[in-house]
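Student: The residues making up each chain are set out below.
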Amino acid sequence: MTESERAVVLLVENDPDIAEQYSDWLRPDYEVRVARSGSAAVERLDEEIDVVVAGLEISEVSDGAIPAEIDDQGIDCRVAMVVGADSGPINIPTGFDEYLIEPLTRDELRATVEQLAERVTLNNELEEYASLVTRKAELEAEESVEEQRDDDEERDLEDQITSARRSVDDSLGDLSSDEEFIGSVRELDRPTAGTEAENDEEDTEE
Amino acid sequence: MSQTDDISNVLPDGVLSQLSPGTSVLLSGPPMSGKQSLALQLLAVGHETGDGVLCVTTKNSAVDVLAELETKVPTLRREEVGIIDCSGSSSRRTIEDVATMRVSSPGDLTGISIGAAKLLQRFTNQDISTVRHGLVSVSTLVKYLDLETVIKFLHIYTVRIRDTEGLGIFTIDTLTHDPRTINAVTSEFDGVIELRETDAGDREIRIRGFSGVDSRWRSYP
Chain A
1 MTESERAVVL
11 LVENDPDIAE
21 QYSDWLRPDY
31 EVRVARSGSA
41 AVERLDEEID
51 VVVAGLEISE
61 VSDGAIPAEI
71 DDQGIDCRVA
81 MVVGADSGPI
91 NIPTGFDEYL
101 IEPLTRDELR
111 ATVEQLAERV
121 TLNNELEEYA
131 SLVTRKAELE
141 AEESVEEQRD
151 DDEERDLEDQ
161 ITSARRSVDD
171 SLGDLSSDEE
181 FIGSVRELDR
191 PTAGTEAEND
201 EEDTEE
Chain B
207 MSQTDDISNV
217 LPDGVLSQLS
227 PGTSVLLSGP
237 PMSGKQSLAL
247 QLLAVGHETG
257 DGVLCVTTKN
267 SAVDVLAELE
277 TKVPTLRREE
287 VGIIDCSGSS
297 SRRTIEDVAT
307 MRVSSPGDLT
317 GISIGAAKLL
327 QRFTNQDIST
337 VRHGLVSVST
347 LVKYLDLETV
357 IKFLHIYTVR
367 IRDTEGLGIF
377 TIDTLTHDPR
387 TINAVTSEFD
397 GVIELRETDA
407 GDREIRIRGF
417 SGVDSRWRSY
427 P
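First to last, the sequence lines map onto chains A and B. According to the working numbering, the first sequence is numbered sequentially starting from 1. According to the working numbering, the second sequence is numbered sequentially starting from 207.
Hints in this document: simulated from the structure, not taken from any laboratory. Keep in mind the model is a prediction, meaning the values are calculated, not measured. Ideal Cβ positions, reconstructed from N, Cα and C, are used throughout, including at glycine. There could be a bad hint or two in this list.
[Unchecked claim] Only part of the chain B face toward chain A is listed, based on derived beta-carbon distances under 7 Å:
#: 1; residue: Ser226
#: 2; residue: Val304
#: 3; residue: Arg308
#: 4; residue: Leu315
#: 5; residue: Glu354
#: 6; residue: Asp369
#: 7; residue: Pro385
#: 8; residue: Arg386
#: 9; residue: Ala390
[What the hints assert, rightly or not] Calculated from the model, a selection of chain A residues having no Cβ within reach of chain B, i.e. all distances over 10 Å:
#: 10; residue: Arg6
#: 11; residue: Val8
#: 12; residue: Val34
#: 13; residue: Ser37
#: 14; residue: Val83
#: 15; residue: Asp178
#: 16; residue: Ser184
Please build the complete structure, drawing on both the sequences and the hints.
Tutor: Now the structure itself:
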């Protein structure tokens, strides 16, 4: 997902009325795709998808097949699981980023999807930021040994860091929220396309 | 109190009291230079004026950290202290009145953040609005994780401190790491307090990064 594109949400919901309701809520700001079953959802998974919202009553959700498929395909997306309020005691499967309890309000659904879509962006931005910071640190360390300064390169790097930090901080949002704080740190555990993206970048820069 | 006076001698410009809420400071120096002691002292000084203390410890157990805090502030109100212990200490001893969260490894950053959020909530419930955050020491994180991950974590943690208007005091051991690591970690903080030992064996201190503060080395008893 790039800044200008709308994030893509895959809704996995077998009740057509609920699916339509959720789509209506999300459509103004997202490209929404709907899968009526777990197997349809698995088929529709691709790298364009940023956020999946899936109901627990669907067997591919409750047995963890959907997060496993996302993992297998290496898709960089976040998954919210919707738990029915009347589903009683359940074993909640792992591999999900957020949990929503039915009945959902429009604001709850939209806030969660927005948060998850931002985390996809955040992860990539943090990667870029940390790589710039360590590159500058390396440059400074070399300079203090060689006693030479490349002011242009340093200024350029400084500018890039400032703008990367601004993007990261925008995506971080207000970290006085515990949920945002923990969710952001949890992103660091996630093995992403980070290393691959870095290699690609170097290829194009050469 | 004499401890407070010591601090004002150490930081003659009253640096820390002048720091705006949300600031994070890195305390750096070689091993045995008294980093941890000074860090805990800076955390404890705030306690005397009603700030909560929330400390992540990676090497020493929560019991040891509490003991050292209590030597700094004999009147420590234990219910206003929270410790996240990821030292792997086998001690199962629970500390009376002090909220302690155990995290299995210093590399478990999610565990640390969950612990920090829970402890901060506890302070909020007690109407403690200002919290001093300690992390002793960043060096252990670097040992367990790659540098870029540590930078990302420090960035998120210092933004958290900024957004909750706390004060951060983190330590790093300067001899354990290459200059690249020290430079990168330093860049995440608003300012640095450095400790060093002269050839004659005297300790010196220098404060960098804060405008209007003398950044020369001076003697530190």
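Student: For Val34/A, is the shortest beta carbon distance to chain B beyond 10 Å?
Tutor: 32 Å, holds
Student: Minimum Cβ distance from Leu315/B to chain A below 7 Å?
Tutor: 5 Å, holds
Student: Holds or violated: is there a CB of chain A closer than 7 Å to the CB of Val304/B?
Tutor: 21 Å, violated
Student: Using Cβ atoms only, decide whether Asp369/B comes closer than 7 Å to chain A, and label the hint accordingly.
Tutor: Because about 4 Å separates Asp369/B from the closest Cβ in chain A, which is inside the 7 Å limit, the hint holds.
Student: Mind checking the CB of Pro385/B against every CB in chain A and telling me if the closest is under 7 Å?
Tutor: 4 Å, holds
Student: Going by Cβ atoms, does Ser184/A stay more than 10 Å from chain B at every point?
Tutor: 5 Å, violated
Student: Verify that the Cβ of Arg6/A lies farther than 10 Å from every Cβ atom of chain B, and report whether the claim holds or is violated.
Tutor: 26 Å, holds
Student: Taking the closest Cβ pair, is Arg308/B under 7 Å from chain A?
Tutor: 17 Å, violated
Student: Please settle this one: Ser37/A was flagged as non-interface, so is its CB more than 10 Å from every CB on chain B?
Tutor: Non-interface label on Ser37/A holds, nearest chain B Cβ at 32 Å vs cutoff 10 Å.
Student: Less than 7 Å between beta-carbons is the criterion; does Glu354/B satisfy it with respect to chain A?
Tutor: Result: holds, 4 Å to nearest chain A Cβ.
Student: Beyond 10 Å from every Cβ of chain B: is that where the Cβ of Val8/A lies?
Tutor: 25 Å, holds
Student: May I ask you to check that Asp178/A keeps its beta-carbon over 10 Å from the closest beta-carbon of chain B?
Tutor: 4 Å, violated
Consistency with the previously given hints fails for numbers 1, 2, 3, 15 and 16, ordered from lowest to highest.
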